[in-house]
Amino acid sequence: MLVSATALLGATLGTVSGVLTLCGLSLLCKSCKKGKLERGDETDLEKAKPSILHTLTQFSVQKCTESIQPQASLKFPKIYRPKPFVTSQEVINYKEHGAANDTSAAELDTCNQATEREEVFSLPRQASTDETPCTSEQTGAMTTSSSILYPKLHFFISLHKENGELHISIVEAENISVEAGCEGYISGCVSVSEEQKHAHTAVHKLAAHVQWGEELVFALPMEGTEDTDSLDGEVALSLHCCDRFSHNSTLGTMRFKLADISMMLDADCWVDLQPPKQEVASSAGELLLSLSYLPAANRLGVVVMKARGLQSDKLKDNIDLSVKLTLKHQNAKLKKKQTRRVKHKMNPVWNEMMMLELPSELLAKSSVELEVLNLASPGTLLPLGRCMLGLHSSGTGLQHWKQMLDNPRKQIAMWHPLYT
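This note's numbering puts the last residue of the sequence shown at 420; the count rises by one with no breaks.
Calculated directly from the structure, the hints in this document are not laboratory data.
Just so it is clear, the structure is predicted and the values come from calculations on it, not from any experiment.
You may find that some hints are simply not true.
Derived pair list, reagent style PhoX-like, types lysine-lysine, alpha-carbon separation capped at 25 Å [claimed, not checked]:
#1 Lys343 - Lys306
#2 Lys328 - Lys410
#3 Lys328 - Lys152
#4 Lys345 - Lys314
#5 Lys324 - Lys365
#6 Lys328 - Lys365
#7 Lys336 - Lys402
#8 Lys343 - Lys324
#9 Lys306 - Lys402
Kindly generate the complete structure, drawing on both the sequences and the hints.
Okay, here's the thing in structure tokens:
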């Protein structure tokens, strides 16, 4: 009994001593770990202090009371616009003439509608040395009526009284604008006492500047007169063009009286050749048109408004009227358009706008031809009359075109007589 109690006490004491030993060892381990962590933090702090101090010595912060102006860090991008082409397809109804004055180019682009009554022709490209793809309005001013160059003729006159002859020496011509491959000549006509005498130079290939160096000789009735002041007549000099299709056209004409020859003798004369006048013919009616040009969009707007006073034998059987528009560049047709048909009305009203893409540099050499047509029977269109607008036309056609050039982005309306 005593032995068992002793053994039990020894076992209990051994267990207690073992637990205390384990607790002491665990506390010792914890204290060692804590000491190592504290020493590690102190070394890191000592290493970090020199680097922070070192960085602070590299920069000096100074206070400034001056205002700081913001600087733009972005550059405005270049805007590249598409080159104009004559392939637009738009015919829109033009209901109110007054509303078109405030219509911008962007609004016109959204209002354009396709039509089936349209024929498109190819526009001859012109060589350009400008590499910047921007519009002509940015690089140069728009063409105006005052900047149009008409052909100029250089000549001088001499009078041989003993032979009764008038000698006109054709020296040269400038500012000639024709298609490549055209030929031309200078013709002269002297009208005296209801008698006309003609002469012309040799045919030369036309260019912007052409040298002739030829002489035209005309016989004058000098009998009983000492000078030309008493002669009643005039002299006309004209520049003619012949294209590859053998079509002759007059580019310009100048006239002066025989009584004024004494002031022009032995003097170098430079004269602007004016466009030929339209032949006087009976009018077949009138057509009201409105023109406007948008330089930013390179667009020509033609409003076919109405017609009045149409007189023709072709209106007896059937009345079905329309207007055909043709855009021309010199002698080449660029585009055709046609309005809707109006039936059973002698004074038809269309109010249709036709937008045509036309660069500003081509305005001086372009023209618009309008023709009133009547559908007499299915498939048979009979022309009633036509009018021409452009710098090479005359009368109201020339006046209307000049007003359009001098007033861009404005609608200008005018009545035009129709000729058969």
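Hints and how they fare:
Proximity of lysine 343 to lysine 306 is assessed by CA-CA distance (about 13 Å); at most 25 Å being required, the pair is judged to hold. Between lysine 328 and lysine 410 the alpha-carbon distance is near 22 Å, which keeps this suggested pair within the 25 Å criterion. Distance hint between lysine 328 and lysine 152 is fulfilled; the C-alpha atoms sit about 24 Å from each other, no more than 25 Å. For a cut-off of 25 Å, the pair hint linking lysine 345 to lysine 314 stands: about 14 Å separates their Cα positions.
For the suggested pair lysine 324 and lysine 365, the alpha carbons sit about 20 Å apart, so the restraint of at most 25 Å is met. Of the supplied pair hints, the one linking lysine 328 and lysine 365 holds, its CA atoms being roughly 8 Å apart against a limit of 25 Å. For a cut-off of 25 Å, the pair hint linking lysine 336 to lysine 402 stands: about 23 Å separates their Cα positions. The straight-line distance between the Cα atoms of lysine 343 and lysine 324 is roughly 16 Å, inside the 25 Å bound, and the hint therefore holds.
The hinted pair formed by lysine 306 and lysine 402 meets the criterion: a straight-line CA distance of about 22 Å does not exceed 25 Å.
The earlier numbered hints are all upheld by this structure, with none contradicted.
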